[in-house]
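Chemist: Residue-level listing of the chains:
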Amino acid sequence: MSGTSTNAYAAMQAERSKRARMLVTPEGLSLPLTVGSRGARAGALLLDLVILVSSFIALILGFFFVGLGMPDITSTPNASPVVQGILVLVILTFFLSRYGYFLWFELGPRAATPGKRIVGLRVAARDGGRLTAEMVIARNLVRDIEVFVPAFFLLSGGQDAGVFGIAAFVWLAIFVLFPFFNKDALRAGDIVAGTWVVEAKRAKLKEAMSVAPDRKEQYRFGEAELSVYGEHELQVLESVLRQDRKDALREVAEAITGKIGWQLGRGDEREFLEAFYAALRGHLEGNMRFGKRKRDKFS
Amino acid sequence: MVLALFRKSTIEPPADIEAASLRSDRFRLEREVDWQRLDSIVTALEKNRPRRISDEDLLELPVLYRKTASSLAVARETSLDSATLDYLEALVRRAWFQIYGPRMGLFGWLRRFLGGGWSASVRAIWLDICIALAVMVAGTLVGWLLVDSDERWYYSLVSGGMAGGRTPGADPEMLRESLGTAESADGLGIFAAYLFSNNTGVCIMAFALGFAFGVPTLLLLVYNLSLLGAMYWVFAEAGLGVDFAAWLSVHGTTELGAILLSGAAGLHVGRTMAFPGDRSILAAMRTAGVRAAQVMAGCSIMLIVAGLLEGYVRQLVGDTPARFAIGGTMLLIWVLYFALVPAPRERDT
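One line per chain: the protein sequences are A and B, in this order.
Quick note: the first sequence uses full-length UniProt numbering, first residue 1, plus one each step.
Quick note: the second sequence uses full-length UniProt numbering, first residue 1, plus one each step.
It should be emphasised that the hints constitute simulated quantities derived from the structure, not laboratory data.
Every value quoted in this text rests on a predicted model; they were computed, and no experiment measured them.
A portion of the hints provided could be inaccurate.
Lysine to any residue pairs mimicking SDA-like chemistry, simulated, CA-CA at most 25 Å apart [stated by the list, open to error]:
#, chain 1, residue 1, chain 2, residue 2
1, A, Lys294, A, Gly267
2, A, Lys297, B, Ala83
3, A, Lys206, B, Asp86
4, A, Lys204, B, Arg26
5, A, Lys183, B, Leu282
6, A, Lys206, B, Gln36
7, A, Lys204, B, Arg76
8, A, Lys259, A, Gln243
9, A, Lys216, A, Arg130
10, A, Lys216, A, Gly230
11, A, Lys294, B, Leu85
12, A, Lys18, B, Leu282
13, A, Lys18, B, Ser82
14, A, Lys216, A, Gln84
15, A, Lys294, A, Asp247
16, A, Lys18, B, Ser280
17, A, Lys292, A, Lys183
18, A, Lys292, A, Leu29
19, A, Lys206, B, Ala73
Use the sequences and the hints to build the structure in full.
Modeler: Listed below in C-alpha cells is the structure:
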C-alpha cells in the first residue's frame with residue numbers, strides 16, 4: 001500500500017469518525033449512527049429538485065398536448081371549463097410540489113425523500129425518540145426560506161437591487177450556510193423541529209469467511225507469526241479477500257510472507273491468505289474472549 | 001424465469017454449520033436465518049407493505065428484533081468479522097427505526113389534530129397571538145395614518161399592479177364596482193386556487209422568518225396590514241367604508257386569522273429562541289417548533305377555506321349585510337373552535 005492512499009484512507013476515517021454518534025436503544029444497546037455529510041445532503045436536495053422540476057415540466061407538456069387537441073382554446077380562454085380545471089390543477093400542483101413533496105415522503109416509513117433515499121439518508125429525531133408528524137411539518141416549512149426563497153431571489157436577480165439587495169442576500173446566505181456552522185450539520189429547520197439527518201445505508205449479509213476448506217494442516221502458524229498483526233490488519237485482509245482481485249492478493253500475500261519470513265509459491269496466494277486469515281482471526285478472537293484486544297499492529 | 005423474479009424469495013438455512021472452522025462463524029451461521037427473517041419483515045415495513053408480512057412473522061417481530069439486537073451485542077465482543085458486524089448494525093438500526101418509528105399514520109394524525117391537537121396548540125401560544133394581534137392592529141393604523149397625513153404614501157405602500165386603479169381620489173363608482181360581484185362562477189376556481197397558494201406562501205414566510213428572533217415576522221405583519229389600512233382609507237374617503245369592511249370580512253376573518261396564527265407561530269419560535277427559560281436552547285426550540293408546526297398545519301386548512309370564500313362566495317354575494325353575516329359567522333366558528341375543543345387525551349403511543 002502506498003503512502004498517499006494510506007493517508008487518504010486515514011483522512012476519510014477521521015472525517016467519518018467526526019460524524020459518528022452513539023444512540024442507546026431501550027434495550028441498552030448502543031447503536032452507532034453517522035450524521036449525513038453536508039455534501040450528501042446537498043446532493044439529495046439537488047436530486048429532489050431535479051425530480052420536482054422535471055416532473056412539473058412533464059406535467060405542463062402533458063397539459064399542453066391535451067390542450068392542443070381542443071380547437072377553440074385560444075379564442076375563448078375562460079369559457080371552457082376543461083381549461084379552467086386544468087389551470088386550477090396546474091396551480092395546485094405547483095403548490096403541492098413546493099410544499100407537499102417533501103412532507104409526503106418524509107412522513108412515510110422510510111422518512112426520506114427519493115433524493116435522500118438514493119444517497120442513503122433519512123430523517124430521525126435527535127433525542128432518539130420517535131419522529132412525529134409535527135417534526136416533519138416544522139422542518140419542511142422552514143425549508144421554504146432556506147431553499148425556495150433564496151432560489152427565487154437569485155433567479156429574479158434580486159442581488160442587483162442596491163443596498164437592499166445586498167442585505168437580503170446576506171440575510172438569505174445565513175440560512176443557506178447554516179449547516180456549516182454546527183457539528184451535526186443541522187439546518188435551521190432541523191433545529192426548530194428537533195430532527196437530524198443520518199445515514200441509513202442498507203448492508204447485505206456477505207458469505208461467512210471460514211466455510212472455505214480448512215487448511216489448518218497445510219499451513220501451521222505459530223504464536224509469534226500470528227501476533228504480528230491486529231484487528232485493523234485483519235479487517236483489511238478481509239476486504240482484500242472479499243474483493244478477490246489477483247494483483248491485490250499477490251501484493252498482500254508478499255507483504256505478509258515478508259513480515260513473517262515465509263516463502264510462497266506462485267498461485268497459492270488465495271489459499272495462503274485464507275488460511276492466514278482464519279488462523280489470525282481465531283487467534284485474535286481467542287484473546288478477545290479473555291479480554292485482550294489488539295487494535296492494530298502497533299499496539 | 002420471469003416467475004422466479006416475482007416469487008417471494010425464501011430464506012434458506014446455511015448448508016453446513018459444522019464446516020465453519022471458527023467459533024464466531026458458527027455463531028453467525030446458527031443465527032443467520034433469524035436475521036434474514038427480520039430483514040425481510042423490516043424491508044416490507046419500509047416499503048409500506050405490511051400486508052405482505054405473515055401473521056406468524058408479525059407475532060415474532062419483537063422476539064426477532066431482540067434476538068438480533070443481542071446477537072449484535074455478542075458479536076461485538078466475540079467476532080472480528082467486520083462484514084457481519086456492519087450487516088447487523090445496519091439491520092438493527094433499520095429495525096429500530098421501524099419498531100420505535102411513528103405509530104400513527106397521516107390519517108390518524110389528522111384525526112387527532114382536528115379533534116383537539118390544533119386548538120390546544122393555538123391556546124398554548126395565546127401570548128404570541130396577543131402580541132401578533134396588537135402588531136397587526138398597529139400596522140393597520142400606521143397604514144391609515146400615513147396615507148391620511150400624505151396621500152403620496154399610498155403609492156409607495158401599494159404597488160400599481162396591486163392597486164388596480166383603487167387609488168386616492170379615484171371615482172367612487174369605479175371603487176364600488178371593484179367591490180361588486182362577478183356575473184357567474186366562471187373562472188372563479190382559478191382565482192380561488194391562485195389566492196390559496198399565494199396566501200399560504202405569505203403565511204409560511206411569516207412562520208419561517210420567526211427563526212430570526214421573530215423580528216422579520218413582525219415587520220412582515222406590519223407591512224401587510226399597513227397595505228390594508230391604506231386601502232381602507234381610500235374607500236373610506238369615497239364614503240364606502242362600510243361596504244369595504246363587508247367585502248373584506250367575507251374571507252378576511254378567516255384569512256387574517258390564518259395570517260395572525262402563522263405570525264404568532266413564528267413569533268413563538270423566535271421568542272423561545274431569545275428566552276429559552278430553564279431548558280437548553282435546542283430543547284426549548286424543539287418544543288416550540290413542534291407546537292408552532294401544528295398551528296401552521298391548521299393555517300393551511302384555514303387558507304383553503306379563505307380561498308374558497310374569497311374566490312366564490314365574495315364574488316357571488318354582493319349584499320353588504322349578507323357579507324357581514326358570512327364573515328361574522330366564520331369568525332365565530334373559528335373562535336369557538338379554538339376556545340372550546342379540548343386537547344386530545346394523551347395515549348401512550
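Chemist: Which constraints among the numbered hints does this structure fail? Numbers only, ascending.
Modeler: Numbers 1, 9, 14, 15, 17 - these are the hints that the structure violates, sorted from lowest upward.
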